[in-house]
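Protein chains in written order, with our numbering: chain A, 1 to 314; chain B, 1001 to 1314.
Hints in this document: simulated from the structure, not taken from any laboratory.
Where is the CB? At the ideal position from N, CA and C, for every residue including glycine.
Among these hints, one or two may not hold up.
One-sided and incomplete, this derived list gives chain B residues near chain A with beta-carbon spacing under 10 Å [unchecked claim]: (1) Thr1038; (2) Asn1076; (3) Gly1079; (4) Met1088; (5) Asp1092; (6) Ser1094; (7) Leu1113; (8) Val1200; (9) Gly1201; (10) Asp1205; (11) Tyr1214; (12) Gly1228; (13) Lys1233; (14) Val1234; (15) Asn1235; (16) Val1265.
In silico lysine-lysine, DSS-like type, Cα no more than 30 Å apart, as pairs [stated by the list, open to error]: (17) A:Lys264 x B:Lys1248; (18) A:Lys160 x B:Lys1130; (19) A:Lys266 x A:Lys45; (20) B:Lys1117 x A:Lys160; (21) B:Lys1248 x A:Lys117; (22) B:Lys1266 x A:Lys266; (23) B:Lys1158 x A:Lys117; (24) B:Lys1264 x A:Lys248; (25) A:Lys248 x B:Lys1262; (26) B:Lys1160 x A:Lys130; (27) B:Lys1156 x A:Lys117; (28) B:Lys1117 x A:Lys262; (29) B:Lys1266 x A:Lys130; (30) A:Lys158 x B:Lys1264; (31) A:Lys248 x B:Lys1248; (32) A:Lys130 x B:Lys1130.
Output of the computed footprint for chain B on chain A, the stretches with three or more beta carbons under 8 Å from beta carbons of chain B [what the hints assert, rightly or not]: (33) 52-62; (34) 201-213; (35) 291-302.
Number of protein chains: 2
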Amino acid sequence: MAGSVAMNPVVLVHGGASSEIPQDLEERLRQGVVRAATAGYKVLKEGGRALDAVEAAVTILEDDPEFNAGHGAVLNAEGTVEMDASIMDGRDLSSGAVCAARCIANPIQLARLVMEKTPHCLLTSHGAAKFACAMGVPVIPGEQLITERNRQDLEKEKQKTDAETPSPQKNQGTVGAVALDSNGDVAYATSTGGLMNKMVGRVGDSPCVGSGGYADSAMGAVSSTGHGESILKVNLARLILFHVQQGKAVGEAADTALGYMKSKVKGEGGVIVVSNAGDWAAKWTTESMPWAAAQDGKVHFGLHRDEARVFSLP
Amino acid sequence: MAGSVAMNPVVLVHGGASSEIPQDLEERLRQGVVRAATAGYKVLKEGGRALDAVEAAVTILEDDPEFNAGHGAVLNAEGTVEMDASIMDGRDLSSGAVCAARCIANPIQLARLVMEKTPHCLLTSHGAAKFACAMGVPVIPGEQLITERNRQDLEKEKQKTDAETPSPQKNQGTVGAVALDSNGDVAYATSTGGLMNKMVGRVGDSPCVGSGGYADSAMGAVSSTGHGESILKVNLARLILFHVQQGKAVGEAADTALGYMKSKVKGEGGVIVVSNAGDWAAKWTTESMPWAAAQDGKVHFGLHRDEARVFSLP
C-alpha cells in the first residue's frame, strides 16, 4: 500500500473507515472507489490539476448511493440529510467548505464555489443554501438523497434502548480524495453525511481544514474519515503532515497519528495520504476501508487489512 | 510580555487583533480585558479549573458591548448577528463549539454545553438554537446584541464602492482566553461575531479546534484572533503548539506562526499562548490587540505594541 515515484501524477480515494460492512456490499464499494480513482487519474493524465482530480473523484462517490456522502448520505435524528464537505488547493492553501448543507446533489462542488467565488472559506446551513441558489446550483428535494437502506438503519438505531451502546464506527463512510499533479501540486477533497442519528446541526471534521483534510504542496495532502469528534480533537490531517515534515514516511506518519488518536481520545478512523514526492499510503484502525490509488497506469485497491489488488488501465 | 513560573495559575485574555481603534475606545478596551482577566484569575485562585476560568473571562467579554462577541458582535450582510465560539479542555481534549448561532447572549456557554451534554463537538445554526432551547438557554431578541456603532459601521461598509477595498483588519475583535490551573491543566475559549458585512452563514476559525484555539495539558493552550480565513488555512493555534513541542519558547512560537501566516497567505492576526509550565505570551501582527494576563497576584495588560503595564491585585 505504498509506492514512490516523484512528480508522477497520482490520485487516491477512500470510501470511509467502517466496521460491519455487509458482504454483498463489499464488491460494490470496491467498484465505486476504483471508478472514482480512475476518473481522477484521467483528469491528471490529461494535464488537469490536482484540485480538478479530487473534485471529479469525490463527485463520483457523492453520486454513488453506496457511500455516505451526497446521494446515500446517512440521516440525522430528524430523518433528514445534512452534509459537510471541504476542498483545499495545496498550491496556495486556498480552501472552501460547506456544513449542514441540505438539498444539493454535490456538496464538494459547492465547497469549491465557496473557495473560488467568495472571500470566505466556510458557509453553513441556510447561508450555504442561499449561496448555492445565487450560483445557480439546482435545489433538489432532500428525499432524493435518501436511500431505503439509510431509512431502515435509522429506524433500527432509534429502536435501540439507551442501554445498548450505539455503534459509531458503523456509519463512517465519509468519502475523500487526495492527488498530486504533474506540476507537483497537491489537493484534497472530503465529503460526508456525517454520523447516522446525529443531532440536527451537528458538524464533524469533514468541513474543518486541518481535521477532515489538509493540502500543502510544500508537504502533501491528507483526507480523513472516521469518528469526526475524535478527528477534530487531534487535528488528524495536519498532525500527519507534521510527522511528514519531520521526516517520517507517509505510511508511518499516518499510523503514528491514527495510533495517537486511538490512545488519546479512543477514536478510530482512516486516512489517505500523498506526499509532494508522490509517495502514498492508505491506513485505518477500523475493520476496513475501501480505497483505491491510481499511478503509473495502474490502479491499486483494497478494502480489508491485508488486501491489495492491482490492475493495469487500458 | 512573557513570564515564567511553573504550576502557578495564570490566565490571559485578548480582545481581538485590530487596526484603527478610535482613541476614545482604547481605554474601555483596556478596562474590559483587565476585568475579564481579573475574573478568570479569581476562579483559579479559588481552586477552580482552567476550563471554568476561560469560560468566566470570555463571558465577561461577550457581555461587554465594546468587543466583537455576544453583545456588540458585528453585523453580517443582512444586518443580523451570527456568532461562533469554541472551548477546549486540555485535560482530555474535550471540546465544544457552536457556529452561526443567533439570539443567545453567551455563545461560549452554549459551546461548553455542547461539550458536556452532547456526544458532539460542533453544532450549527438552527441545530444550535434547538439545542439551546432544550438546555433552557434563554432566547433573546437578536436586536438586543446589536450596538448603534455596529449598525453605523455596517452602513458605512455597504456604502463603499466595489473599488474601495474593505478593511478586513478593522473588525477582528474576536475575544478569547487561555488559562493554566494549579493542577497543571490548560484550557482555551474563543468567541466572535466574525467579520463585519460577512455573507450569511459565513463561519470563520473561531469554532474550529486547531485554528481558533487549541488546548492540550501536555503542551499548552492558544486562542487566536484575526483574519479567520487565513487562520483556518494555516491551522494557527495548533501550528504554534507544534513549535512549542519542538522546543520553541511560547513567544517565539507565536511570532514564527504569525509570520508564516503573513508570508504564506497574507493574513494578519494575534494570539495568546500559555505553556503547561506557565510561560505565556501575547503576540500580534495587526496594529494593536488589547490583552491582559493575571499571574502571581499581578495583572499585566496592554494594547499597543510596546505597551506593557502592570498592577497588583488587592
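Quiz item: Broken hints, numbered, in rising order?
Solution: 1, 3, 7, 19, 21, 22, 30, 33 and 35
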